[in-house]
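Novice: Sequence:
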Amino acid sequence: MAVAVAPPQSDMADRETQLLMLQLQLEDLNHLVAKAKGKGREGETCDKDISLGLLKEDLNKQITALNDQALCHSIAKALRTDHAILETQRELENLARRDREVALSMSRGHSTPHSTPQNQHGQQENALDDETLAKFAMLYVSEEAAMSVLGFDCDDEKNIAESSEMAARRAARHAAAIHQCVACEDHHKISNIARVPCRHEYCGSCLGALFTAAMKDEAYYPPRCCREPILLDKVKMFLPTDIAEEYQAKLPELETKDRTYCHVPNCSA
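Heads up, the final residue of the sequence shown is numbered 289 in this note's numbering, and it's a clean run with no missing numbers.
Hints listed in this document are in silico derivations from the structure and should not be mistaken for laboratory results.
Check each hint, because a few of them may be wrong.
[As the list claims (entries may be wrong)] Calculated lysine-lysine pairs in the DSSO-like style (CA-CA distance at most 30 Å, straight line):
{"hint": "1", "residue 1": "Lys256", "residue 2": "Lys277"}
{"hint": "2", "residue 1": "Lys68", "residue 2": "Lys81"}
{"hint": "3", "residue 1": "Lys209", "residue 2": "Lys277"}
{"hint": "4", "residue 1": "Lys81", "residue 2": "Lys57"}
{"hint": "5", "residue 1": "Lys256", "residue 2": "Lys270"}
{"hint": "6", "residue 1": "Lys55", "residue 2": "Lys68"}
{"hint": "7", "residue 1": "Lys277", "residue 2": "Lys236"}
{"hint": "8", "residue 1": "Lys236", "residue 2": "Lys270"}
{"hint": "9", "residue 1": "Lys57", "residue 2": "Lys76"}
{"hint": "10", "residue 1": "Lys209", "residue 2": "Lys254"}
{"hint": "11", "residue 1": "Lys236", "residue 2": "Lys256"}
{"hint": "12", "residue 1": "Lys57", "residue 2": "Lys68"}
{"hint": "13", "residue 1": "Lys76", "residue 2": "Lys55"}
[As the list claims (entries may be wrong)] Distance ranges between label pairs, derived from CB positions:
{"hint": "14", "residue 1": "Cys282", "residue 2": "Glu248", "range": "20 to 26 Å"}
{"hint": "15", "residue 1": "Ala90", "residue 2": "Glu205", "range": "37 to 43 Å"}
{"hint": "16", "residue 1": "Asp88", "residue 2": "Asn50", "range": "18 to 24 Å"}
{"hint": "17", "residue 1": "Arg247", "residue 2": "Glu275", "range": "25 to 31 Å"}
{"hint": "18", "residue 1": "Glu121", "residue 2": "Cys282", "range": "41 to 47 Å"}
{"hint": "19", "residue 1": "Glu121", "residue 2": "Ala269", "range": "36 to 42 Å"}
{"hint": "20", "residue 1": "Glu77", "residue 2": "Ala116", "range": "55 to 61 Å"}
All C-beta atoms, glycine included, are put in the ideal place defined by N, C-alpha and C.
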């Protein structure tokens, strides 16, 4: 029984079909290996055994890669689904809060309250957008999962012939995955890029420098860009761990306006 090398991905074969083909080939290969046992001299390894071993290793690698790819797509899909659920829940909570405000205002004989720009801004900041989900996916799953969250399907790109369309999709994918730090002007993966309230973007190192400066010099506290404060909770995942922990521990002191220190020099260092 001949064993064929797994074919490359084609327009007609989806991931499940490819996986089934590989598994069938692996079964055939295991059958051949079992039949070949005991036919050669003990302790000797022929070229055929080596070839079968290499082919088996290659098939297992391809099966593992496809399973990993399926897992990434599954996690990415779950992220997008959870995002939609969270957004719906947030909208319902905002609507309920608005209704309570209206009822309370009317019971007191006041006019209907309006949302303040600050509240609208806060709601916008709390919204979990696709880019944030993609950053989490790139950090904890894979770059492919992150691109899937952003709407770039790797399988679709593989099925598009090399053309101007493919080049455009590749450029768009690169632009979505790689952003420029406004401080050092280097380009980084989005998993290492934080977007601050003014919409500027900082890499982890430059963001760490802002928070370090804020701890050492009150003139730079709070950390800010374009005069808008940068909250630790919003960018903690992008900061070096030691800087985030040090800033968190020092925050009560930094937030105290009229500080009183004891006689121990270290307290006021």
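Novice: All the hints need checking, so say for each whether the structure fits it.
Specialist: Now the hints, each set against the structure:
no. : hint                         : in the structure
1   : Lys256 to Lys277             : holds, 24 Å
2   : Lys68 to Lys81               : holds, 20 Å
3   : Lys209 to Lys277             : violated, 38 Å
4   : Lys81 to Lys57               : holds, 24 Å
5   : Lys256 to Lys270             : holds, 15 Å
6   : Lys55 to Lys68               : holds, 13 Å
7   : Lys277 to Lys236             : holds, 16 Å
8   : Lys236 to Lys270             : holds, 11 Å
9   : Lys57 to Lys76               : holds, 15 Å
10  : Lys209 to Lys254             : holds, 18 Å
11  : Lys236 to Lys256             : holds, 19 Å
12  : Lys57 to Lys68               : holds, 12 Å
13  : Lys76 to Lys55               : holds, 15 Å
14  : Cys282 to Glu248: 20 to 26 Å : violated, 35 Å
15  : Ala90 to Glu205: 37 to 43 Å  : holds, 38 Å
16  : Asp88 to Asn50: 18 to 24 Å   : holds, 22 Å
17  : Arg247 to Glu275: 25 to 31 Å : violated, 18 Å
18  : Glu121 to Cys282: 41 to 47 Å : holds, 46 Å
19  : Glu121 to Ala269: 36 to 42 Å : holds, 37 Å
20  : Glu77 to Ala116: 55 to 61 Å  : holds, 58 Å
Taken one by one, the earlier hints fail for this structure at numbers 3, 14, 17, listed in ascending order.
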